[in-house]
Amino acid sequence: MTVDEALIDAVAANARITLTEKERIKFLQDFKDILDAFSTIADAPAAENPAIHPEPVRDVVRQDTPTPCLSQDDALRNTQHKKGGYFKGPKVAR
Amino acid sequence: MSVTNSVGDYVAQVRKGGVDILEDCRHALESARRINTRHHFLNTIADERFIAEARSVSDAAKKGRTGRLAGVALSVKDCLCVKDVETTAGSAILRGYHPLFDATAVERAVKEGAMVIGKTAQDEFGFGGFSVNVGKGFERPTNPIDASRSCGGSSGGAAGLTRAATFPHLAIAESTGGSIVCPAAFCGVVGICPTYGRVSRYGLIDYANSLDKIGTMATTVQDAALLLEVISGHDKNDSTSSPRTMEPLDAAASIEGLRVGIIKEAFGQGVDAAVAHAVKEGASQLEASGATLTNVSLPNVAKYGVACYYIIAMCEASTNLAKYCGMRYGAHGALGPQFNDYFSQVRTQHFGDEAKRRLMLGTFARMAGWREAYYVRALKVRAALIEEYQRAFKNVDVLLSPTMPMVAPTFDEIAKLSPLQNYMADILTVGPNLAGLPHASVPVGNVKNLPVGLQLIANHFDEKTLIRAAGGLQ
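Respectively, the protein sequence lines represent chains A and B.
Residue numbers for the first sequence follow our numbering, beginning at 1 and rising by one.
Residue numbers for the second sequence follow our numbering, beginning at 1001 and rising by one.
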C-alpha cells in the first residue's frame, strides 16, 4: 500500500473534508506513522468470526403499531433552514 | 447549607427533613461558577433547569417523597442529551443544539431526585485522553490539583468537577476506550465503567457504537455505585441494552477469598515506576483484607489492544460523524453551494484537527481494498482478545493494573506527543473497553502530590464483584 497525497485527497473527499496544504502534509505523515503501527494486527491472533459487539446482542424489533412520535414542529426546532414545514437543504443539481 | 458532600449522607439528611434543598442549590451554583472560572469543567451551567428541579425535589421532600438521589447535583458529560440544555459533545458542529428529550440515563437519575447542574467538558466527541482536543471555541479543562496539568479525558470535566465540588455531586460520564477511568485516575476520584449494554445509550451522541458505555464518577465507590444502580437496566429505546438484572452493589462487602489477578504486562516498560509501586501497595491492601493475589499474563491484549481498538473506534466514528452536515441541527452555513460543497464547507469549518484525523483514518480503513485488512481483521482480533480475557477469568475474579502508566502530565508534555504517542497512552485502558468488560479506577495514593489510579476489571455483567473489590481499597 502506498500512502501518498493522492490517497489523502481521496479519503478527504470521501469524508467530505477539505484540507489545507499544511493539513495535507501533516495528515500524510500521521497516516504513515499510524497505519504502520496499526498494521501489526495482521500478525495478531484472530477468531473465525468478527466480534461486531463485545457481547452477543439479540436483535429486538417492536410491534408494528403506531405510537406517539416527534411532531413536525419539534423535528424542525433545531434547524435554521426550513420552508413550508420541511427541512431546506442545499442545491442538489447545479 | 449542609455540612457534607457525601451523597449517601446528604440523601439521608434530606429524608430526615433537615436540609434546605433550595439554599443548597444556590450554594452549589455559586460554587460551580467559581470553580468553572478557574478550571472550565462545565461547557454549560444549566441554571434554570437546576433551580426548577430543586424546587420540584424540595416540594416532593416536604410531602415525604424522596428518591435515592434526592437533592444531589448531577453533572452530565456533554455527549448525553439533556432536554433544552445545549448539548454539543464538545464540538463546534453541534453548537446551538438543544435536545428535545433527556438521555435515558439522565431521565432515570432525575426520576430519583438528582438535579442537572450542567454539561461537562470533554475532548470533541470523546476523541482524546487528555481533554486537550476540545472543539473549536471551547475552553480546555484543567486538573483540579495542578492547573498546569491535564485532568485526563475524554470525560475530563466530569472527573475534575467531581474532585473539586464542594456540594453533594455525582457525574454521569462516558467511556469508549478509557474515558472514565483515565480522568478519574488523574483527578483522584472513583470512576466506574459498566459492562457494554448495562446502561442504555439512548440519547448518547455516539463516538463508536460497539464501544460506547455510560458510567459514573463520585468521590467514593459506594456513591458511584449508587448512581450506576439507578441508571442501569434494559431500555426499549436501545436494542443493545441488556435485559439482565444487576445484583445490588455493595462496596462494604467482605473481600475475603476474592481472587485478584495482577496483569503482568501492565507493570512493564513504559509504566512509571512510582505509579507501579503505588498500585502494588494497593494490591497488598486487598491481600491484607483477605484477597488472594496471583499473576496473570494477557500478552495479546498488551501487544495488539491499542491497534485493534483504534481501528474499530475510528471506523465507527467515521460513519457516526457522517450525519453532521449543517442541515437539521447544530452549526449551519449559508445555503449557497451545491450540496456536496455545502457539507464539506460546514464540516471543514467546524470539526477540530483530531476529529478530522479520526474521520479520515476511519474512512480509509473502511474503503474497498482495505476494509478486510483493517476493519474486519480488527473485529476478528477483538474476538480473540475477548477469549484471552475469558481464559483469565476462569482463575480469577478481578484483574488489576495501574489505570494509567503515568500521573497527570503537564500541557507542555502533552504538546510534544505525536498523535500515535497520544493513542499509546491508552494502552492499559483499551483492553477492557474493547472487550466490553466492567472496570473501575480507584485512587491509591499519590506520586509527587498527584493522584494514582488503580484499575480493576471484572467479567461481563459482574459489577457486583467489581464494586466489592473496589470497596476493598477504600
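Some hints here could point you the wrong way.
Unchecked claim - Here are the computed lysine-lysine pairs in the PhoX-like style, where the Cα-Cα straight-line distance is at most 20 Å:
{"#": "1", "chain 1": "B", "residue 1": "Lys1323", "chain 2": "A", "residue 2": "Lys91"}
{"#": "2", "chain 1": "B", "residue 1": "Lys1062", "chain 2": "B", "residue 2": "Lys1016"}
{"#": "3", "chain 1": "B", "residue 1": "Lys1016", "chain 2": "B", "residue 2": "Lys1083"}
{"#": "4", "chain 1": "B", "residue 1": "Lys1416", "chain 2": "B", "residue 2": "Lys1303"}
{"#": "5", "chain 1": "B", "residue 1": "Lys1136", "chain 2": "A", "residue 2": "Lys22"}
{"#": "6", "chain 1": "B", "residue 1": "Lys1394", "chain 2": "B", "residue 2": "Lys1264"}
{"#": "7", "chain 1": "B", "residue 1": "Lys1323", "chain 2": "A", "residue 2": "Lys88"}
{"#": "8", "chain 1": "B", "residue 1": "Lys1136", "chain 2": "B", "residue 2": "Lys1264"}
{"#": "9", "chain 1": "B", "residue 1": "Lys1448", "chain 2": "A", "residue 2": "Lys22"}
{"#": "10", "chain 1": "B", "residue 1": "Lys1083", "chain 2": "B", "residue 2": "Lys1111"}
{"#": "11", "chain 1": "B", "residue 1": "Lys1323", "chain 2": "B", "residue 2": "Lys1394"}
{"#": "12", "chain 1": "B", "residue 1": "Lys1323", "chain 2": "A", "residue 2": "Lys82"}
{"#": "13", "chain 1": "A", "residue 1": "Lys26", "chain 2": "B", "residue 2": "Lys1380"}
{"#": "14", "chain 1": "B", "residue 1": "Lys1136", "chain 2": "A", "residue 2": "Lys26"}
{"#": "15", "chain 1": "A", "residue 1": "Lys32", "chain 2": "B", "residue 2": "Lys1416"}
{"#": "16", "chain 1": "B", "residue 1": "Lys1280", "chain 2": "B", "residue 2": "Lys1063"}
{"#": "17", "chain 1": "B", "residue 1": "Lys1416", "chain 2": "B", "residue 2": "Lys1394"}
{"#": "18", "chain 1": "B", "residue 1": "Lys1111", "chain 2": "B", "residue 2": "Lys1062"}
Unchecked claim - Listing some non-contacts, in silico: residues in chain B with all C-beta distances to chain A over 12 Å:
{"#": "19", "residue": "Ile1035"}
{"#": "20", "residue": "Pro1248"}
{"#": "21", "residue": "Gly1290"}
{"#": "22", "residue": "Glu1388"}
{"#": "23", "residue": "Thr1410"}
What the hints contain is simulated information worked out from the structure, not anything from laboratory work.
Virtual Cβ for every residue (Gly too), placed ideally from N, Cα, C.
Here's how the hints hold up against the structure:
Using a Cα cut-off of 20 Å, the hinted pair Lys1323/B and Lys91/A holds, with the two alpha carbons roughly 18 Å apart. Distance restraint check for Lys1062/B and Lys1016/B: the Cα-Cα separation of roughly 10 Å lies within the 20 Å cut-off, and the hinted pair is therefore satisfied. Proximity of Lys1016/B to Lys1083/B is assessed by CA-CA distance (about 31 Å); at most 20 Å being required, the pair is judged violated. Between Lys1416/B and Lys1303/B, the direct Cα distance comes to roughly 24 Å. Violation of the 20 Å bound is thereby established for this hinted pair.
For the given pair, Lys1136/B sits about 18 Å from Lys22/A by alpha-carbon distance, which is consistent with the 20 Å threshold. With a C-alpha separation of about 17 Å, the suggested pairing of Lys1394/B with Lys1264/B holds against the 20 Å cut-off. Of the pairs offered as hints, the one joining Lys1323/B and Lys88/A holds, with about 16 Å between alpha carbons and a cut-off of 20 Å not exceeded. Simply put, Lys1136/B and Lys1264/B have alpha-carbon atoms about 40 Å apart, too far for the 20 Å limit, and the pair is violated.
With a CA separation close to 39 Å, the supplied pair Lys1448/B and Lys22/A exceeds the 20 Å bound. Between Lys1083/B and Lys1111/B, the direct Cα distance comes to roughly 14 Å. Compliance with the 20 Å bound is thereby established for this hinted pair. Among the hinted pairs, Lys1323/B with Lys1394/B is inconsistent with the structure: their alpha-carbon atoms are about 42 Å apart, more than 20 Å. Straight-line distance between C-alpha atoms of Lys1323/B and Lys82/A comes to about 18 Å, which keeps the hinted pair within the 20 Å bound.
A distance of roughly 31 Å separates the Cα atoms of Lys26/A and Lys1380/B; the hinted pair therefore is violated under the 20 Å criterion. Restraint check for Lys1136/B and Lys26/A: satisfied, since their Cα atoms lie roughly 19 Å apart, inside the 20 Å limit. At roughly 18 Å between alpha-carbon atoms, Lys32/A and Lys1416/B fall within 20 Å of each other, so this suggested pair holds. A threshold of 20 Å between alpha carbons decides the hint, and for Lys1280/B with Lys1063/B the separation of about 50 Å lies outside it, so the pair is violated.
For the hint linking Lys1416/B to Lys1394/B, the alpha-carbon distance of about 42 Å lies beyond 20 Å, and the restraint is violated. Under the criterion of a C-alpha separation no larger than 20 Å, the hint pairing Lys1111/B with Lys1062/B is consistent with the structure, at around 16 Å. Separation of Ile1035/B from chain A is adequate, the least Cβ-Cβ distance of about 30 Å exceeding the 12 Å criterion. Every beta carbon of chain A lies more than 12 Å from that of Pro1248/B, the smallest distance being close to 22 Å; the non-interface claim holds.
Every beta carbon of chain A lies more than 12 Å from that of Gly1290/B, the smallest distance being close to 30 Å; the non-interface claim holds. Its closest Cβ contact with chain A, about 8 Å, brings Glu1388/B to no more than 12 Å, contrary to its assignment away from the interface. Every CB of chain A is more than 12 Å from the CB of Thr1410/B (nearest about 23 Å), matching its label as outside the interface.
In the structure shown, a violation is registered for the earlier hints numbered 3, 4, 8, 9, 11, 13, 16, 17 and 22, in ascending order.
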